[in-house]
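Residues per chain are reported as follows:
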Amino acid sequence: DTGVSQNPRHKITKRGQNVTFRCDPISEHNRLYWYRQTLGQGPEFLTYFQNEAQLEKSRLLSDRFSAERPKGSFSTLEIQRTEQGDSAMYLCASSYEGSASGNTIYFGEGSWLTVV
Amino acid sequence: AQKVTQAQTEISVVEKEDVTLDCVYETRDTTYYLFWYKQPPSGELVFLIRRNSFDEQNEISGRYSWNFQKSTSSFNFTITASQVVDSAVYFCALSEALSGGSYIPTFGRGTSLIVHP
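Chains A and B, in that order, are what the protein sequence lines are.
Note that the first sequence covers residues 1 to 116 in the numbering used here.
Note that the second sequence covers residues 1 to 117 in the numbering used here.
Incorrect hints may have been included.
Derived lysine to aspartate or glutamate pairs resembling DMTMM-like cross-links, with alpha carbons at most 25 Å apart [claimed, not checked]: (1) K3/B / E56/A; (2) K38/B / E52/A; (3) K38/B / E109/A; (4) K57/A / E26/B; (5) K14/A / E56/A; (6) K11/A / E44/B; (7) K57/A / E10/B; (8) K38/B / E10/B; (9) K57/A / E44/B; (10) K38/B / E83/A; (11) K38/B / D63/A; (12) K3/B / D24/A; (13) K3/B / E44/A; (14) K57/A / D29/B; (15) K3/B / D86/A.
Keep in mind that the hints were calculated from the coordinates and are not lab data.
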C-alpha cells in the first residue's frame with residue numbers, strides 16, 4: 001500500500017496562469033477528496049468523488065476550479081486564471097466506503113501552490 | 001460558527017511533560033465521527049484516531065490517550081511524557097452526514113505543539 005500520492009509537490013506560477021494538480025489515491029479506495037489549507041488554518045473541504053462521480057462541492061470551489069476523476073482512479077484539480085488568493089496547500093485524501101473504517105480519510109503530502 | 005473549536009493556538013512544553021490538547025465540537029446529529037490528525041513540518045496529515053458518537057469509551061495507545069465526553073461535546077487528546085518528535089500541529093475533525101448522506105470531515109484550526117528538549 002503506497003499511500004496517497006500527489007504531484008507536483010510544489011508549484012510557483014504567475015497570476016493568470018492555469019495550474020493542474022494530480023492525485024493518486026490508495027489502491028482500491030473508491031472515495032477521493034480535495035481540501036485546501038492556508039497557513040495557520042485547518043484543511044477546508046473543496047470537493048469529493050465516489051468512483052468517477054463528483055458528489056459534493058463546497059462553496060469554496062469557484063468556477064475557476066475544476067476537478068475530475070475520469071476513470072475512478074486518479075484525480076486532477078485544475079485552477080484556471082490563478083489569483084494570489086489561490087496560494088495554499090492543496091490536499092488530496094482517499095477512503096474506502098464499505099469498510100469498517102470507511103469514514104476515515106487518509107491524506108497525501110499535499111501540493112503547495114504559490115501564485116506570484 | 002465553528003463546528004470544531006481548538007481554542008489553544010500554540011502550546012509549548014518541555015520534554016517529558018504531559019500535555020492535553022482540547023477539542024470542542026458542535027453538531028445536532030446523533031450519528032457523527034470525531035478524528036485527530038497530526039501534521040508534522042513535512043506537511044502530510046497523519047491519521048491518529050477515529051471515534052463514533054455511540055462509543056464514549058476512552059482510548060489509550062502508548063503515550064496517547066483520548067477522552068470523549070458527549071455531555072460537554074469534547075474530544076480531548078493527551079500526550080503523556082511528551083517527546084521532541086511530538087512537535088507538530090494537531091487537528092481535531094468532526095464528520096457529520098451531509099444532505100446527500102456523505103460524511104465529510106470538518107477540521108478545527110489546529111493546535112501547534114512545540115516540545116523543547
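Here's how the hints hold up against the structure:
1. K3/B / E56/A: holds (19 Å)
2. K38/B / E52/A: violated (29 Å)
3. K38/B / E109/A: Holds - the C-alpha atoms of E109/A and K38/B are around 12 Å apart, at most 25 Å.
4. K57/A / E26/B: holds (22 Å)
5. K14/A / E56/A: violated (29 Å)
6. K11/A / E44/B: holds (17 Å)
7. K57/A / E10/B: violated (31 Å)
8. K38/B / E10/B: holds (14 Å)
9. K57/A / E44/B: Distance ~23 Å between K57/A and E44/B Cα, so the pair holds.
10. K38/B / E83/A: violated (29 Å)
11. K38/B / D63/A: Roughly 32 Å separates the two Cα atoms, so the pair is violated.
12. K3/B / D24/A: violated (29 Å)
13. K3/B / E44/A: holds (12 Å)
14. K57/A / D29/B: Holds, at roughly 21 Å.
15. K3/B / D86/A: Holds, because 24 Å separates the two Cα atoms, which is no more than 25 Å.
Going down the numbered hints, you'll see the structure goes against 2, 5, 7, 10, 11 and 12, while the others check out.
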